[in-house]
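Kindly generate the complete structure, drawing on both the sequences and the hints.
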Amino acid sequence: MSRRDATPAELLAVMGARLLKDGGRVFAGVGVPLLASVLAQRTRAPGLTLVIEGGIIGRQMKPGQLPISTNEMRTAYRGTMLLGITDTFLFAQRGFLDYGFIGGAQIDRHGNLNSTAIGPYDRPRVRLPGSGGANDIISLCREVIVLMPHERRRFVERVDFVTSPGYLDGGDSRLKAGLRFGRVSAVVTTLGILGFDESTKAMRLEAVHPGVTPEDVLKQTGFDLIVPERVETTEPPTVQELEILRTLDPERRFLG
Amino acid sequence: MNAADFVEARRRLEAKPRVAGEKLTTLEAAARRVKDGDHIAIGGCLYSRTPMALVREVLRLRRRRLTLSRNLMCYEGELFMVAGAAEKILTSWMSIGLPWGVSKILREYVEGGRVPVEEWSHLALGLRYRAAAMGVPFLPTLTMLGSDLMPVGQAKTMPCPFTGETLCLVPALFPDVAILHVHRADRFGNCQIDGYPHMDADIARAATTVLVSAEEIISEEEIRRHPDRTVIPGFVVDAVAEAPFGSYPHECYGLYEADFDHFDVYAGAIEARGSTAVTEYLDRFVFAPPTHADYLALFGEDALARQRARARELTRSHEPA
Chain L
0 MSRRDATPAE LLAVMGARLL KDGGRVFAGV GVPLLASVLA QRTRAPGLTL VIEGGIIGRQ
60 MKPGQLPIST NEMRTAYRGT MLLGITDTFL FAQRGFLDYG FIGGAQIDRH GNLNSTAIGP
120 YDRPRVRLPG SGGANDIISL CREVIVLMPH ERRRFVERVD FVTSPGYLDG GDSRLKAGLR
180 FGRVSAVVTT LGILGFDEST KAMRLEAVHP GVTPEDVLKQ TGFDLIVPER VETTEPPTVQ
240 ELEILRTLDP ERRFLG
Chain P
0 MNAADFVEAR RRLEAKPRVA GEKLTTLEAA ARRVKDGDHI AIGGCLYSRT PMALVREVLR
60 LRRRRLTLSR NLMCYEGELF MVAGAAEKIL TSWMSIGLPW GVSKILREYV EGGRVPVEEW
120 SHLALGLRYR AAAMGVPFLP TLTMLGSDLM PVGQAKTMPC PFTGETLCLV PALFPDVAIL
180 HVHRADRFGN CQIDGYPHMD ADIARAATTV LVSAEEIISE EEIRRHPDRT VIPGFVVDAV
240 AEAPFGSYPH ECYGLYEADF DHFDVYAGAI EARGSTAVTE YLDRFVFAPP THADYLALFG
300 EDALARQRAR ARELTRSHEP A
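For the record, the sequence lines run as chains L and P. Counting from 0, one number per residue, gives the positions in the first sequence under numbering that gives the first Met the number 0. Counting from 0, one number per residue, gives the positions in the second sequence under numbering that gives the first Met the number 0.
Note that these hints are calculated values from the structure, not bench results. Worth double-checking, as some hints may not be accurate.
Said to hold, decoys possible - Below, simulated EDC-like cross-link-like pairs (lysine to aspartate or glutamate); rule was C-alpha separation at most 16 Å, straight line:
1. K15(P) x D175(P)
2. K175(L) x E164(P)
3. K61(L) x E312(P)
4. K34(P) x E86(P)
5. K15(P) x D237(P)
6. K61(L) x E242(L)
7. K87(P) x D121(L)
8. K218(L) x E156(L)
9. K87(P) x E117(P)
What the hints assert, rightly or not - With the Cβ distance kept under 8 Å, some of the chain L side facing chain P (calculated, not the full set):
10. G53
11. M72
12. L81
13. Q92
14. T115
15. Y120
16. R126
17. G131
18. G132
19. D135
20. S138
21. V161
Yeah, the Cβ is synthetic: ideal placement off N, Cα and C, and Gly gets one too.
Laid out in structure tokens, this is it:
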């Protein structure tokens, strides 16, 4: 099975899963983030603890029984603790949670994300559902991994609304705003993996997926992306990784 | 009242008559305590343990100019919008859920400037209820800093008086009324919840008036046998009404699964006919059935039994896969 067989959602789940280290605790939303977390658990990180914002710590996954929301019955499957939502987030504020996954309708050069509104806040052209826990996850987890499709309309110079602060205006502006902890460690897209320049915090291409060129990435990016001389190529999803994902989501509810 | 006016909020509580006796009443009588212009906080989260029977009663009373707050707003927010009952909504997120996509009603009402939505992060809204539950005017937090959510609800920053670090301050949120649905309560309003606690206990303490529907009214003796299960004490509650399937078509942990087919039909109708579909939905499911029992009869016993069986299956002993 080659990469061609992987759907965009499968590619994001596989690449996201590989960034999670064993023994960590991941704050995962439903859909692809949850699939990525469970995939990590079933491959290189069996000791990963899943935390879900609806109020579950330590949930496991029953294949074919994927939760739709972060706070419904099936999300609680075999959890070790059910607790209130506010207290769940406070574990992140205290520093217990290592990883968070988020996405958005738009992301900009400094990793800020918008899931609130396209156009002005009061009278937007498009009102989106809103932050939910995304702002809290990116503000409070130690490391945040962004998962999103790589499209020019989503990768913009400046997001219309900063729902979830990445590096704000770059440099040390995140720190200056009072966000003492956390960072956006990776932006995993359907074309590759991106990071940030250490001093300017501008987005930089780190790796492309097999069959993708840096030019392809630039074409789908609406700002001046840093492309270093050496860009790695990711290992394609393995047969085992794809099989695990497909067992978890046999109806392909989230895998596309 | 200024949202964060903790002195006024406390005076309002202290001014309430001390009623040691029965809180047991009907859904309709409970809902009658909601007045035009009130701020109602809705318990549960998204489609979990939403007090849908109370929501329908409030809508049937045609209350107006309501402010509604909820951590994740599901389609009950759309019902209030289209019924003309909502003046403002406070939430961190609004849609039915991921598979149903961005809410077309949210888009129509916000983009058209008809009902403003004041967005907070999920934790920030939770801390606003908690500050109120604690009786203090604000809480410091490290979330929301640097984001465009700060000016939306007028959160503030200040240097920490002990360390000098920048903190985000979120003001206490004191709703006029909380509407909640719980698993069990006694006639004095002592409430027990299974599964997810969500934010209900904070919301109950934050509000001036607390209206509760319960799947089951149990005896005081049963409450006393398991006091560790009580999360809201009776003295916080003003009215409690029995409402089996009181969250339906949303879920109640361990008792019944949400009716996703019903959501599909609702969302499909909006896809086809826009907000007219919600008006039709209100007529059929909210205004037409005279009682909660008549509402449940629209679905039929078989459908309800199926949702019960699904919940048992989903929460049963959780044996490993």
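| field | Unmet hints by their number, sorted upward, for this structure | value | Failing hints: none at all.
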